[in-house]
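Starting from the structure of chain C, add chain U where the hints point.
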Amino acid sequence: MKWDWDYAWEILPDILHAFFRYTLVITALATLVAAVLGLVFAVIRYLRIPVLSQITTGFVQFTRATPIPIQLFFVYYLLPDYGILIGAVTTGVLVLGVHYACYFAEVYRGGIESIPPGQWEACTALSLPQSTIWRRVVLPQAIRKILPSLGNYVISMFKEVPFLLFISVPEMVLVAKDIGGSNFRYVEPFTICGIIYLLASYPASVAMRRLEVRLEHA
Amino acid sequence: MPDTRPRPGDPDVFIRFDNVCKQYGELTVLDDLCLDIKAGEKVTLIGPSGSGKTTILRLLMTLENPTKGYIWIDGKPLWHQEKNGELVPADKKYLREARKQIGMVFQHFNLFPNMTVLENVIEAPVRSLGQPKDQAVERAKELLDRVGLAAKENAHPSQLSGGQQQRVAIARALAMEPRVLLLDEVTSALDPELVAGVLAVLRELAETTDITMLCVTHEMHFARDVSDCVMMFDKGKVVEQGPPSKIFDAPEHQRTKDFLSAISLAT
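In the order they appear, the protein sequences are chains C and U.
All letters in the first sequence, in the order written, are residues 8 to 225 by my numbering.
All letters in the second sequence, in the order written, are residues 23 to 289 by my numbering.
Rather than coming from a laboratory, the hints here were simulated on the basis of the structure.
Backbone N, C-alpha and C fix where the C-beta goes; we use that ideal spot for every residue, glycine too.
If a hint is listed, it holds; no wrong ones were tucked in.
Okay, the calculated bits of chain C under chain U, using three or more residues with CB under 8 Å as the criterion:
#, segment
1, 127-137
2, 141-155
Where chain C lies over chain U, by a calculated footprint (3+ residues, C-beta under 8 Å):
#, segment
3, 81-87
4, 141-150
5, 191-203
Next up, chain C with everything else stripped away, as it sits in the complex:
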């Protein structure tokens, strides 16, 4: 087995293109979906809204107990039978986003519960309206506490984007696999993928750890 530098340089632009154009963008969009939907789940469960709360709990359990490839398969290949047609990239964003929304919801819940009862009592004593309590007191304090965990979930989601090759989303690993297939050389493309992932995730997790330390002392 010999490493072919010329080949590596030749395929690098395509792999990088797939990384920035798909892997990163999908991670960003799915994070957005997870952040918003996770908050919706958390608030529904926190306020114990009847029926909706039970449905959410069931859905969260179900989603967390099944692997992402299976979920992708169902949404992408079976829903069209019922007239629901979603593009591959959108499916990827939604499945990853919804999957991680279930984890985010738990993190949010922990964050909300970490607010000391005295803070809620002070809000009552000052007659603050409910919306102000959430917007100005509870969420700002909860976010500082949960930002590190959320960041770690985002990094983990980022590394699960290659699951989307099951539904042919041209993210980085699928592109690498195709390049490897058409040239009968897999080592260079997959090694490049690994290095790009390493270069991106490692600094991100170091940054998260720094943030964690800083928020603790804030």
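Chain U alone, transformed into the frame defined by chain C:
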């Protein structure tokens, strides 16, 4: 309609507890409690822990609801509202309005750590009273000056000592212009050398305002100096009440005597 209903504007009965019970499961904390407090009166609640003093404040602040009975403030029920001549449990909106006339200072300050001192003080006037921001800021600066913390308006609570935080909490409660101020062991979480500063602020407040004050404290000197009335609690009832000179110098009940001698041994 109970005939114990006080009239609005009656200076002799500004706050009335009418047969109020508070139970947690089997535990009875307040036992058919009746008491009257005059408008502007400075009342100190004393008694052993578990005697129900703090619960009285928490019921008045609507942090907890009475199991039974009625609480009246200025002739209006606190936890109930009138519907077709009947008193029914109050809804959230009624409670939110009713509690605006009441302010509370907590043992552990409970300042908002994500806001500066000034933001802590203006938050409620702006958000719940709808005051214009510059008016609230002006008023907050006056109040911070009054509690001796004008220089700290941009500090965060974590940068202040416990005594300073508690004085901010007092300013924050006053910013709502309450008619009733509840003080729940406001000095007991403080280092001894910081207590005096907080008590000085409260003393000035008691002497210069007509806010009705209910104070749960173990600072007996403070209670003697500032209160018009001292109420001794035991097992969810008022055992004895009267001016501080009577309660501290000539208590009638054995329970009061025992409690006061235990306190004086401890300090």
